[in-house]
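Convert by adding 1 to the 1-based position in the sequence shown; the result is the number in the numbering used here.
By construction, these hints were calculated from the structure, which means they are not laboratory data.
Hints are supplied without guarantee of correctness; some may be wrong.
[Stated by the list, open to error] Capping the alpha-carbon separation at 16 Å, the derived lysine to aspartate or glutamate pairs in EDC-like fashion look like this: (1) LYS309 / GLU267; (2) LYS297 / ASP255; (3) LYS309 / GLU290; (4) LYS251 / GLU238; (5) LYS251 / ASP277; (6) LYS251 / ASP214; (7) LYS251 / GLU228; (8) LYS297 / GLU259; (9) LYS251 / ASP304; (10) LYS309 / ASP269.
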Amino acid sequence: MNLPRTLLPRAPAPLRLREPLRAAAGALLGVAAAGGLARLLVEGQIGADPLIVAPIGASAVLVFAVPASPLAQPRAVLGGNVVSALAGVSCTLLISHPALAAACAVAAAIFAMSLLGCLHPPGGAVALGAALALSGGGEPLGYGYALAPVGVCSALLVLAGMAYGRLSGHAYPHRVAAAPSPHDTADPAPDRRFGYTPADLDAALAQYGELLDVAREDLDALFRQVELQAHRRLHAEIACGEVMSRDVIKVLADQSCESALAFLREHDLRAAPVIDAAGRCVGMARRAELAAGTGKPVEAVLDPFVHKVRPGTPIEALMPLLSSGAAHEAMVVDEDRVLVGVITQTDLLAVLYRAHVVEAVVSARGV
C-alpha cells in the first residue's frame with residue numbers, strides 16, 4: 002500500500018471563485034443570525050456574546066458549502082444536533098468518568114442519528130461538548146442544553162440556509178424533481194422505461210456496501226446525464242437541420258381563430274406553430290384554444306412557450322425533451338428567429354431507428 006497516496010488522495014476539481022464566495026457569505030450571515038437571534042429568543046436581549054455552540058460552525062459548512070448533501074438537510078441538521086445533545090447529556094449523567102463519558106457520548110450520538118435517519122457529522126461534536134463539561138470539573142449539563150442553545154441555533158441556521166438559498170439561487174432544502182408522467186399515470190416517463198431501472202440502482206448501491214454522501218435521486222439524475230453524454234460521444238452528431246421537416250404547416254398571428262382552426266382540421270393537425278409578419282416563431286396554436294377563441298386573432302390564444310433550437314444543434318440535445326414527454330415538438334429557427342423547420346417525436350424516433358440499422362450493418366460487416 003502506498004501510504005502517502007492513501008493519506009493524500011487526489012484533490013477534487015477546483016471550484017469557480019464565485020461558489021466559495023457564495024458559501025462563505027452564507028456562513029457569515031447564517032452564523033451571525035443564529036447566534037444573535039438565539040440570545041434574543043432565549044434571554045430576550047442581544048448581548049455582546051452570541052448564544053451559540055462551536056459545532057454550529059461545522060453545521061454551517063454543510064448547509065452553505067454543500068447544500069445538496071443529505072448530511073446538510075434540515076432533518077439532519079436539526080435532528081442530528083438535538084439527538085446528539087440528548088445522547089451527550091445522558092452519558093454525562095450516567096457515567097462519572099469524563100473520558101469514558103466522552104467516548105460513550107459520541108458513540109451513542111452516532112448510533113441514535115443513524116437509527117433515526119438524521120446523520121449529521123457536527124452532531125458528534127455536540128455530544129462531545131456535553132461530555133467535556135465534566136472534564137473541566139463542572140456540573141453535567143441538563144437536558145435543556147438540547148433545546149437551547151443547540152436546538153434553537155440549529156433551527157435558526159436552517160432558516161437562514163433556506164432564506165440565503167432562495168436569494169443565491171441554490172435551493173435549500175435540496176430536492177430532485179421527479180420526472181413527471183406525461184399523462185398523470187403510474188408509468189415512468191418514456192425516457193426512463195429503457196436502460197437501467199430504479200431496482201438496478203438500488204441493487205448497485207446495496208452491493209457497494211458503503212454509505213455515500215449523495216442522495217439516491219441525485220445519483221439517478223447524474224447517471225441519466227452520463228448516459229446522454231456517452232451517447233453523444235459514441236455516435237456521430239446529427240444536426241437538427243439535417244432531419245427537420247422544412248415544409249412546415251403554420252398559421253399567422255393575426256389570422257382569425259376560426260380560419261386557423263379550419264386550417265388545422267383540413268391538415269388533420271392538433272397544433273401548429275404561429276409566425277408573425279416577419280416569419281418569426283411566436284408560439285403554438287392548438288385546436289382547443291382556437292375553438293374557444295371565436296372572434297379573436299390567433300395571437301390572443303397562442304401558447305408562447307415553445308422549445309426552439311438552431312439548425313446546427315445536435316439532435317441528441319432534444320432527446321431528453323422529446324423522449325420524456327415534456328414536449329411533442331421543437332421549432333428550428335435561424336439567427337433571426339425565423340422559423341425554418343420543425344422536429345417532432347416521430348422525427349427523433351426515425352433518427353434513432355436509422356442509427357440502429359447503421360450500427361447493425363457495420364457490425365455485421367465487421368467494420
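Structure-based check of each hint:
| no. | hint | result |
| --- | --- | --- |
| 1 | LYS309 / GLU267 | 26 Å, violated |
| 2 | LYS297 / ASP255 | 9 Å, holds |
| 3 | LYS309 / GLU290 | 21 Å, violated |
| 4 | LYS251 / GLU238 | 28 Å, violated |
| 5 | LYS251 / ASP277 | 10 Å, holds |
| 6 | LYS251 / ASP214 | 50 Å, violated |
| 7 | LYS251 / GLU228 | 35 Å, violated |
| 8 | LYS297 / GLU259 | 8 Å, holds |
| 9 | LYS251 / ASP304 | 14 Å, holds |
| 10 | LYS309 / ASP269 | 23 Å, violated |
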